[in-house]
Amino acid sequence: MGDAFQIQDQFRPYFLTFQVVGWADIFSRKIYRDIVIDSLTYCRKERQLLIFAYVIMTNHIHVIFQSDCGKLSDIVRDFKKFTSKAILKEIDMSGIESRRKWLNMIFEYHARYNKRSTLRQFWTHKNHAVELFSNQMIDSRLEYIHNNPVRAGWVEQPHEYLYSSARNYAELPAPMEIDFL
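In this note's numbering, the protein residues as written are 1 to 181.
No lab work stands behind these hints, which were simulated from the structure alone.
It is possible that part of the hints are untrue.
As the list claims (entries may be wrong) - Computed cross-link-like contacts, DSSO-like style, restricted to lysine-lysine with a CA-CA straight-line distance of at most 30 angstroms: (1) Lys-126 <-> Lys-85; (2) Lys-81 <-> Lys-115; (3) Lys-71 <-> Lys-101; (4) Lys-126 <-> Lys-89; (5) Lys-115 <-> Lys-85; (6) Lys-126 <-> Lys-71; (7) Lys-101 <-> Lys-115; (8) Lys-89 <-> Lys-115; (9) Lys-126 <-> Lys-81; (10) Lys-71 <-> Lys-89; (11) Lys-45 <-> Lys-80; (12) Lys-45 <-> Lys-126; (13) Lys-30 <-> Lys-45; (14) Lys-80 <-> Lys-126; (15) Lys-45 <-> Lys-101; (16) Lys-85 <-> Lys-45; (17) Lys-85 <-> Lys-30; (18) Lys-71 <-> Lys-81; (19) Lys-115 <-> Lys-126; (20) Lys-30 <-> Lys-80; (21) Lys-101 <-> Lys-80; (22) Lys-101 <-> Lys-89; (23) Lys-30 <-> Lys-89.
Claimed, not checked - DEER-style ranges, computed between Cβ atoms: (24) Gly-95 <-> Cys-69: 20 to 30 angstroms; (25) Asn-104 <-> His-125: 13 to 23 angstroms; (26) Asp-68 <-> Glu-156: 19 to 29 angstroms; (27) Ser-140 <-> Asn-104: 33 to 43 angstroms; (28) Arg-77 <-> Gly-22: 15 to 25 angstroms; (29) Glu-177 <-> Phe-11: 13 to 23 angstroms; (30) Arg-12 <-> Gly-95: 38 to 48 angstroms; (31) Lys-71 <-> Glu-156: 33 to 43 angstroms; (32) Arg-77 <-> Asn-104: 22 to 32 angstroms; (33) Asp-139 <-> Gly-95: 40 to 50 angstroms; (34) Asp-139 <-> Asn-59: 20 to 30 angstroms; (35) Phe-180 <-> Lys-101: 35 to 45 angstroms.
For every residue, glycine included, the Cβ atom is placed at its ideal position computed from N, Cα and C.
The whole structure should be built from the sequences, with the hints applied where relevant.
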């Protein structure tokens, strides 16, 4: 695999996309979005991850991250590993997931064709990392992230969507704290 879209400079800000395999709409359920929020909050407090922006869509997440201490790629790896295990456990144990069989079929199918996966694969292995080396790039990606729910037709204004840092920038109550650019 080439070096395009991989984290090169471990201490620079990056725009990243984390995609669920098969574009499965897992984050249509609050419980799974909250697992992501809790994990992001942990990484921010305990791993010194700077979180400048995020949006949780139904089947993917966009973020702007920077490591304040440690390798960004290690933090991303650990975040994806923890969230995948926690979400898969919740799917199996909750008893309220009506799509359990269908979701597990998707996750098992994708694991079969990937050497790095075991029984089930939740996230794709690509993060589509784009190093943000100018203010113009940062502003462009920040606008892209915050306007994702608007483009999806869910809200009229970016700050109306709860699971987005647009609320933080608008100084509205939000599910988690961020680091402002």
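Going down the list of hints, with the structure as the test:
| no. | hint | result |
| --- | --- | --- |
| 1 | Lys-126 <-> Lys-85 | holds, 18 angstroms |
| 2 | Lys-81 <-> Lys-115 | holds, 16 angstroms |
| 3 | Lys-71 <-> Lys-101 | violated, 36 angstroms |
| 4 | Lys-126 <-> Lys-89 | holds, 22 angstroms |
| 5 | Lys-115 <-> Lys-85 | holds, 18 angstroms |
| 6 | Lys-126 <-> Lys-71 | holds, 17 angstroms |
| 7 | Lys-101 <-> Lys-115 | holds, 23 angstroms |
| 8 | Lys-89 <-> Lys-115 | holds, 22 angstroms |
| 9 | Lys-126 <-> Lys-81 | holds, 13 angstroms |
| 10 | Lys-71 <-> Lys-89 | holds, 27 angstroms |
| 11 | Lys-45 <-> Lys-80 | holds, 17 angstroms |
| 12 | Lys-45 <-> Lys-126 | holds, 25 angstroms |
| 13 | Lys-30 <-> Lys-45 | holds, 22 angstroms |
| 14 | Lys-80 <-> Lys-126 | holds, 11 angstroms |
| 15 | Lys-45 <-> Lys-101 | violated, 35 angstroms |
| 16 | Lys-85 <-> Lys-45 | holds, 20 angstroms |
| 17 | Lys-85 <-> Lys-30 | holds, 17 angstroms |
| 18 | Lys-71 <-> Lys-81 | holds, 16 angstroms |
| 19 | Lys-115 <-> Lys-126 | holds, 14 angstroms |
| 20 | Lys-30 <-> Lys-80 | holds, 18 angstroms |
| 21 | Lys-101 <-> Lys-80 | holds, 22 angstroms |
| 22 | Lys-101 <-> Lys-89 | holds, 13 angstroms |
| 23 | Lys-30 <-> Lys-89 | holds, 15 angstroms |
| 24 | Gly-95 <-> Cys-69: 20 to 30 angstroms | violated, 40 angstroms |
| 25 | Asn-104 <-> His-125: 13 to 23 angstroms | holds, 19 angstroms |
| 26 | Asp-68 <-> Glu-156: 19 to 29 angstroms | violated, 35 angstroms |
| 27 | Ser-140 <-> Asn-104: 33 to 43 angstroms | holds, 38 angstroms |
| 28 | Arg-77 <-> Gly-22: 15 to 25 angstroms | holds, 21 angstroms |
| 29 | Glu-177 <-> Phe-11: 13 to 23 angstroms | holds, 21 angstroms |
| 30 | Arg-12 <-> Gly-95: 38 to 48 angstroms | holds, 43 angstroms |
| 31 | Lys-71 <-> Glu-156: 33 to 43 angstroms | holds, 40 angstroms |
| 32 | Arg-77 <-> Asn-104: 22 to 32 angstroms | holds, 23 angstroms |
| 33 | Asp-139 <-> Gly-95: 40 to 50 angstroms | holds, 45 angstroms |
| 34 | Asp-139 <-> Asn-59: 20 to 30 angstroms | holds, 26 angstroms |
| 35 | Phe-180 <-> Lys-101: 35 to 45 angstroms | holds, 43 angstroms |
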